[in-house]
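A.B. asks: Here is how the chains run, residue by residue.
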Amino acid sequence: MSHNTESVAGLLDGELKGLRLWLAKRHISACPVCALEYRHQQRVRRLLRANPTAAAMGDSAEFFWSKVKTEIQRRGEESIEVPLPRLALADWLRQHQFAMATAVALVIAAGSAVWFMQTVRRAPEVTASVAAPAGFAEVEQLKTPVPHSAATTFDSEDAGVTVIWVTGLPWTPDMNEMKTQFANLDT
Amino acid sequence: MRWLMAALLGVVLGASVQAASIEARLIRASNEADKPDEQLTKLEPKLKKVFGYRHYQQLGLQRGPLKENSQLRLDLGEGIVIFVTPRAEEKKGRMMDFEMYSGRAALVKSSIRVGRGELLVKGPDVGDTVLVVSLAVVE
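Top to bottom, those sequences are chains F and W.
Using the working numbering, read the first sequence as starting at 1 and increasing by one per residue.
Using the working numbering, read the second sequence as starting at 1 and increasing by one per residue.
Source of the hints: derived by calculation from the structure; they are not laboratory data.
Note that this is a predicted model, so its numbers are computed, not measured.
A few of these clues could be false.
Pairwise CB distance ranges, derived in the manner of DEER restraints [unchecked claim]:
{"id": "1", "chain 1": "F", "residue 1": "141", "chain 2": "W", "residue 2": "89", "range": "24 to 32 Å"}
{"id": "2", "chain 1": "W", "residue 1": "30", "chain 2": "F", "residue 2": "117", "range": "52 to 60 Å"}
{"id": "3", "chain 1": "W", "residue 1": "30", "chain 2": "F", "residue 2": "119", "range": "53 to 61 Å"}
{"id": "4", "chain 1": "W", "residue 1": "42", "chain 2": "F", "residue 2": "171", "range": "27 to 35 Å"}
{"id": "5", "chain 1": "F", "residue 1": "115", "chain 2": "W", "residue 2": "92", "range": "14 to 22 Å"}
{"id": "6", "chain 1": "W", "residue 1": "71", "chain 2": "F", "residue 2": "158", "range": "32 to 40 Å"}
{"id": "7", "chain 1": "F", "residue 1": "150", "chain 2": "W", "residue 2": "71", "range": "20 to 28 Å"}
{"id": "8", "chain 1": "F", "residue 1": "180", "chain 2": "W", "residue 2": "92", "range": "25 to 33 Å"}
{"id": "9", "chain 1": "W", "residue 1": "31", "chain 2": "F", "residue 2": "150", "range": "20 to 28 Å"}
{"id": "10", "chain 1": "F", "residue 1": "115", "chain 2": "W", "residue 2": "42", "range": "37 to 45 Å"}
{"id": "11", "chain 1": "W", "residue 1": "48", "chain 2": "F", "residue 2": "143", "range": "24 to 32 Å"}
{"id": "12", "chain 1": "W", "residue 1": "33", "chain 2": "F", "residue 2": "157", "range": "45 to 53 Å"}
Beta carbons are placed, not taken as given, at the ideal position from N, Cα and C, and that holds for glycine.
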């Protein structure tokens, strides 16, 4: 530690704390120059405490206060702007360290939550590669032995059924005629 | 006690090997203004969507157990007869041969794999109506 009279003064005034206090004490105990300075400043302080300077005023106390009263009465209701001390941003932050740390943590947590939600939304939807169980019948072979007739098959998704649609069958006017005609139709 | 156990076992085994059955209906679709057929309450909405007629009447209903490689004959009435021969049961459904006759005339011959849904077969046109056969496997 280098010779530093401010450190000696700080030690005497009780301003040093922790590591700085320890370092200062160690240096003074080892350095004769600083030890001499320490003792000198200690003596000066002792003398100052023993002989305080008395405050001297030109006016007596009663006259001084009467002047203050007169001034107050003279100004009356006049409003006076009292400048308020303003804290610098750094000082304000230093005073509200805990609140700042909490606010920063909340902002980080909120940002992480938003990012996570967006990531989840953007995740591709996994569609099952396995086909859902079929509710429709599957027609593998289809024949219409009746001459000039044909059949086709389709799935009616709206109705949820499979349909075999036969066309070209002979039209008959009624059920009896149908039975007669088809009874004689040899396929 | 032994007889009771044997009877219980028989019931359990019978239930487990209970064969599925097939249910076939002959339906007449028309535009007649008539009361809906209560026997077709569940099927009518589907029939309307496919065929578009206003009224559906059940002319015949037949059920029969499905036995592999055993042909099942179902007479639905009005000369319409269907033959169903189950082949193999697969994951997707039951494979079966299906034939629909009107009298001696084979109208349709098909190999189908029936799942949970119905199969509708549009048959001959009779007057202003059309005959439809519905087929469903009942487990």
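A.B. asks: Could you say whether the range 27 to 35 Å given as a hint is met by the Cβ separation of residue 42 of chain W and residue 171 of chain F?
C.D. replies: holds (30 Å)
A.B. asks: Taking the beta carbons of residue 31 of chain W and residue 150 of chain F, is their distance inside 20 to 28 Å?
C.D. replies: holds (25 Å)
A.B. asks: Does 37 to 45 Å hold as the CB distance between residue 115 of chain F and residue 42 of chain W, or does it fail?
C.D. replies: Distance hint for residue 115 of chain F, residue 42 of chain W is violated at roughly 51 Å.
A.B. asks: Look at the Cβ atoms of residue 180 of chain F and residue 92 of chain W and judge whether their distance stays inside 25 to 33 Å.
C.D. replies: violated (41 Å)
A.B. asks: Please test the hint of 32 to 40 Å on the beta carbon pair from residue 71 of chain W and residue 158 of chain F.
C.D. replies: holds (33 Å)
A.B. asks: Cβ-Cβ distance between residue 48 of chain W and residue 143 of chain F: within 24 to 32 Å?
C.D. replies: Holds, at about 29 Å.
A.B. asks: Falls inside 53 to 61 Å, the C-beta gap from residue 30 of chain W to residue 119 of chain F?
C.D. replies: holds (60 Å)
A.B. asks: For the range 14 to 22 Å, tell me whether the beta carbons of residue 115 of chain F and residue 92 of chain W fit it or not.
C.D. replies: violated (44 Å)
A.B. asks: Against the range 45 to 53 Å, how does the distance between the Cβ atoms of residue 33 of chain W and residue 157 of chain F compare: consistent or not?
C.D. replies: violated (30 Å)
A.B. asks: If I claimed the Cβ atoms of residue 141 of chain F and residue 89 of chain W lie 24 to 32 Å apart, would that claim hold in this structure?
C.D. replies: violated (18 Å)
A.B. asks: Between residue 150 of chain F and residue 71 of chain W, does the beta-carbon spacing fit 20 to 28 Å?
C.D. replies: holds (26 Å)
A.B. asks: Tell me if the beta carbons of residue 30 of chain W and residue 117 of chain F are separated by a distance inside 52 to 60 Å.
C.D. replies: holds (58 Å)
Checked against the numbered hints above, the structure violates hints 1, 5, 8, 10 and 12; every other hint is satisfied.
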